[in-house]
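Colleague: So you can see what is in the structure, the chains are spelled out below.
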Amino acid sequence: MIPVIVVFIYLAIIAGIGFLAFRKGKANTEDFFLASRTIGPMVFFLSLFATNMTAFAILGSSGLAYRRGIGIYGLMASSSGFMIPLTIFFIGTRLWALGKRFGHQTQVQFFRDRWECDFIGTLIFALSAAMLVPYMIISIMGGGTVLQEISTAKDAAGPLIPYWLGCGIVAVVVTVNVFFGGMRGTVWVNIFQTILFLCFGFVAMVVIGRAFPGGFGEIISKIAADPKTSFLLTRERMPQTEFWSYTLIPLSSIMFPHMAIMCFSARKVSAFKRTVIIYPIAILLIWLPCIFLGVIGASAIPGLKDSDGILLRLLNDNAPAWLAGILGAGIISAVMGSDAHQVLAMSTMFTKDIYVHYGGHEKYGEKAAVHFARGFILIVTVIAYLIALYLKSKQGIFEIAIRFAFSGFAAMAPVMVAALFWKRSTKWGALASTLFVAATLTGFALLQGKPALPPNAPAKPAVAVAKLDATNTAKLSAADATNQPPIGVKADSGDITIKTSDATNASATSAPVPAKPVVAAAPKPKLDIIWQVGDHVILSRAPITGDVRFWNCQKDAEGKLNPAGGYMTVVPMVFGSALLMIIFSLLTRPPSRETIDKYFNAPRN
Amino acid sequence: MKKFLLLLLIVAVYLLHQDFWNWNSKELLFGFLPVGLAYHIGYSILAAIMMAILVKFAWPEHLEKSEPHDSPTEKKKGDDHR
Numbered sequence: 037m038i039p040v041i042v043v044f045i046y047l048a049i050i051a052g053i054g055f056l057a058f059r060k061g062k063a064n065t066e067d068f069f070l071a072s073r074t075i076g077p078m079v080f081f082l083s084l085f086a087t088n089m090t091a092f093a094i095l096g097s098s099g100l101a102y103r104r105g106i107g108i109y110g111l112m113a114s115s116s117g118f119m120i121p122l123t124i125f126f127i128g129t130r131l132w133a134l135g136k137r138f139g140h141q142t143q144v145q146f147f148r149d150r151w152e153c154d155f156i157g158t159l160i161f162a163l164s165a166a167m168l169v170p171y172m173i174i175s176i177m178g179g180g181t182v183l184q185e186i187s188t189a190k191d192a193a194g195p196l197i198p199y200w201l202g203c204g205i206v207a208v209v210v211t212v213n214v215f216f217g218g219m220r221g222t223v224w225v226n227i228f229q230t231i232l233f234l235c236f237g238f239v240a241m242v243v244i245g246r247a248f249p250g251g252f253g254e255i256i257s258k259i260a261a262d263p264k265t266s267f268l269l270t271r272e273r274m275p276q277t278e279f280w281s282y283t284l285i286p287l288s289s290i291m292f293p294h295m296a297i298m299c300f301s302a303r304k305v306s307a308f309k310r311t312v313i314i315y316p317i318a319i320l321l322i323w324l325p326c327i328f329l330g331v332i333g334a335s336a337i338p339g340l341k342d343s344d345g346i347l348l349r350l351l352n353d354n355a356p357a358w359l360a361g362i363l364g365a366g367i368i369s370a371v372m373g374s375d376a377h378q379v380l381a382m383s384t385m386f387t388k389d390i391y392v393h394y395g396g397h398e399k400y401g402e403k404a405a406v407h408f409a410r411g412f413i414l415i416v417t418v419i420a421y422l423i424a425l426y427l428k429s430k431q432g433i434f435e436i437a438i439r440f441a442f443s444g445f446a447a448m449a450p451v452m453v454a455a456l457f458w459k460r461s462t463k464w465g466a467l468a469s470t471l472f473v474a475a476t477l478t479g480f481a482l483l484q485g486k487p488a489l490p491p492n493a494p495a496k497p498a499v500a501v502a503k504l505d506a507t508n509t510a511k512l513s514a515a516d517a518t519n520q521p522p523i524g525v526k527a528d529s530g531d532i533t534i535k536t537s538d539a540t541n542a543s544a545t546s547a548p549v550p551a552k553p554v555v556a557a558a559p560k561p562k563l564d565i566i567w568q569v570g571d572h573v574i575l576s577r578a579p580i581t582g583d584v585r586f587w588n589c590q591k592d593a594e595g596k597l598n599p600a601g602g603y604m605t606v607v608p609m610v611f612g613s614a615l616l617m618i619i620f621s622l623l624t625r626p627p628s629r630e631t632i633d634k635y636f637n638a639p640r641n
Numbered sequence: 682m683k684k685f686l687l688l689l690l691i692v693a694v695y696l697l698h699q700d701f702w703n704w705n706s707k708e709l710l711f712g713f714l715p716v717g718l719a720y721h722i723g724y725s726i727l728a729a730i731m732m733a734i735l736v737k738f739a740w741p742e743h744l745e746k747s748e749p750h751d752s753p754t755e756k757k758k759g760d761d762h763r
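So the protein sequences, as listed, match chains L and U. Residues 37 to 641 in our numbering are what the first sequence lists, from first letter to last. Residues 682 to 763 in our numbering are what the second sequence lists, from first letter to last.
These aren't lab readings, by the way, just hints derived from the structure by calculation. Keep in mind that a hint or two might mislead.
[Claimed, not checked] Some chain L residues judged to face chain U by a derived CB distance under 10 Å, without partners named:
| # | residue |
| --- | --- |
| 1 | PHE126 |
| 2 | GLU272 |
| 3 | ALA336 |
[Unchecked claim] Okay, the calculated bits of chain U under chain L, using three or more residues with CB under 8 Å as the criterion:
| # | stretch |
| --- | --- |
| 4 | 691-702 |
| 5 | 729-743 |
This structure is a prediction, so every number in the text was calculated from the model and none was measured. Beta carbons are placed, not taken as given, at the ideal position from N, Cα and C, and that holds for glycine.
Modelling step: build the complete structure from the supplied sequences, incorporating the hints.
Modeller: Here's what the structure looks like:
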C-alpha cells in the first residue's frame, strides 16, 4: 500500500505541474507545441533525454537481460550512446536552424517545403503517425505494468491496481499534463522526471546489492558456475550479425516526431552542445543498472514468465516499501516522460500538418487550432489506451516497438539526411524511399511468423515441456531472437515450461503441436526459409519469435546454417531506402533554384 | 584534413563497437563485472569523448546566425495571454 501512496503523490505532482504551465501559457500553437522556442540548455537536455527514454529503457532492458544476458548493453545501450548524439549533432542542430528561420514546427512542414510537394508530406505524415502509435502504446502498457506490480503485496492474491486501471491512470495523468500544459508543462515535468529516473538506477543497485549476503560477486559467480545460466555473462548465444544490425536502430531516434519536435524548441543552438556530450553517459547511468540487475534477477528469481517485471520484483522483495514506491515512481517517470512527448507530437502533427495545412487555421483562427490540438490529445490517448488493453494479451512491450516503429523510422533517416545535406536529392527520391519503407514494413509484418514455441525449439536443456493454455498469450517476449526460451523455468529439474497462446500460434512454425502437454526430446531448431536463391538464404524466420532475418549465411561448426542467423530487417530497409533515394534523385529533375538557394545557399544551414 | 580526421574518428569508434574478441569471454573484472560489459561501459565513455571532440572541432557555428521567423507569438502579442 505504501508504494502505491508514494506513486500517487508523484502523479499528483505531475498533474499539478501541468496546471501551473497552463496558467503561464499563451493561446497560440507555437507556445503550446514548442513553448515559444525558449527551452534553455540544461532543461533541453533533461527534456530531450526524457523524450527518448521509454518504459523499454528500464523494464524492457532488464527483462531482455534476464533472458539474454549482458550482451543487451552493447546491443542497445552503447550503440545508442554512439548513434543518437551523433544524429542530434548533425541533424538535430540543422532542424533547429530551419525551424528558427522558416518557422517549421514539424518534420513534415520541412519536407513539404524542401521537396516542393504536398503529397510527400502527407505520405510521410501518415507513415510517421502509423509508426508512432505503437511507441505510444508501449508507454501506456509500461505504466500499467508498473502500477500493477508495485501494488501487488507479497501475500496478496492479486494486485490492488489491475493492469487496465494502471494503464488508465497513466493515460489520464499524461493527458492532463499535456492537455493543459502543452510543451511547457511537458518540459517542466521532464526536469523532475529525468532527475528521478537518473537517480533510480544507482539507488536500485545499492539497495538490491546490499540485500544479497555475498554481494554481487557471489551471485555473479553462481551464474558463471551454472551451465544453464553462464551464457548470460557472455554473448555466445547472440549472433554477431544481429549485434551489428542493432547499430542501425538508433538512427530512428531523430526521426521520431517527438524527438525532432523537441529539437525545434531550443532557444539557442548552443543548447545542443552539452546535450550531445552528456547523452552517452546518461544512457550508461540508466541502462547499466537495469541490465546488470536483470542478469542478477535471472539467478535470484528464476522462472519469471513475464521477465519485463524482474526489476520491480527485485525492488519489491529487497527494498523497504517507501523506497520501492519512490523507485517505482522513477520508473513511471521514464514511462510518462516519453509518452507525454509522443501524445504532444501526434497532436502537433495533426494540427500543423493536417488541420492548418488544409485550411483550418485560416477558417477558424489560431485559438481554434489550440482547441483542436487539445481535442486531438483526448482522442488519441483514449485510442492508445484501448489498444494497450487489447495488445496486452497479444504482444510483449519490446516486440511492438522494435518491429513497427524503430525499424521504420531508422529506414526514414536517409530521407532526412538527403533533405538536409544533398542538394541534388529530389521529391521523387524521397517518394521512392518512403514508399519502399512503407512496403517493406508491411511486407515484413506479413512475413513475420507468429511467435510460438515449436516442438523442437529449446536447444538447451534437453527436455522441453510445452503446455497449451488458451488464456495466456502475453509471454511472447519471453522468447528471444536467438531462440532461447526464458531461462530458469523449472530450473531445478532442468525443464523449461513455455505457454503458447493457442493451436494457431503454435502451428505457425509449420509443425503440428499436440493439444495436451507433452514431454519431448528437443532437437536443434530448424531453419525456416522464406526465400532462397541457390545456396543463399535471402529471407528466413527465427524460431520461436518468428522474426524475419535477411541474408543468413552464418554456419555452425557442422557447416549448417544457424536458424537464428542473418541480419535484422532494419538492414535491408535502411540501405534500400538510401539506395532508392540516390537512384531516383539522379534520374529525375533537380529541385528548383529557389529551393536550393533557400536551403543550401545564403545563409548556410 | 581536419574533416578527414574527424570522419576517421567517427568510423573508428563505430567499428570498435563490434568487439568480436570479447564475444565468448567469461572473464570477470573485480570479481563481478563481465569483461564484455566492462568493454561497453568504456565504449559509452569513449562515445562521450568523441562527441566532446566533435563539439570542439566541428561545431556548426554558422547555425547560430539563423534569423528568427515572425512567430505567431510576436504577431499576436496582446490577444493571447491568459
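Colleague: All the hints need checking, so say for each whether the structure fits it.
Modeller: Status of the hints after comparison with the structure:
Hint on PHE126/L holds. Least Cβ distance to chain U is approximately 9 Å, under the 10 Å limit. Hint status for GLU272/L: holds, given a least beta-carbon distance of 5 Å to chain U, under 10 Å. The restraint placing ALA336/L at the interface with chain U is violated, with a minimum CB-CB distance near 14 Å, outside the 10 Å limit. With 7 residues carrying a beta carbon less than 8 Å from a beta carbon of chain L, the stretch 691-702 of chain U meets the three-residue requirement, and the given coverage holds.
Counting residues of the stretch 729-743 of chain U whose CB lies closer than 8 Å to any CB of chain L gives 9, so the stated coverage by that chain holds, three being the minimum.
Comparing the model with each numbered hint stated earlier shows that hint 3 is the single one that does not hold.
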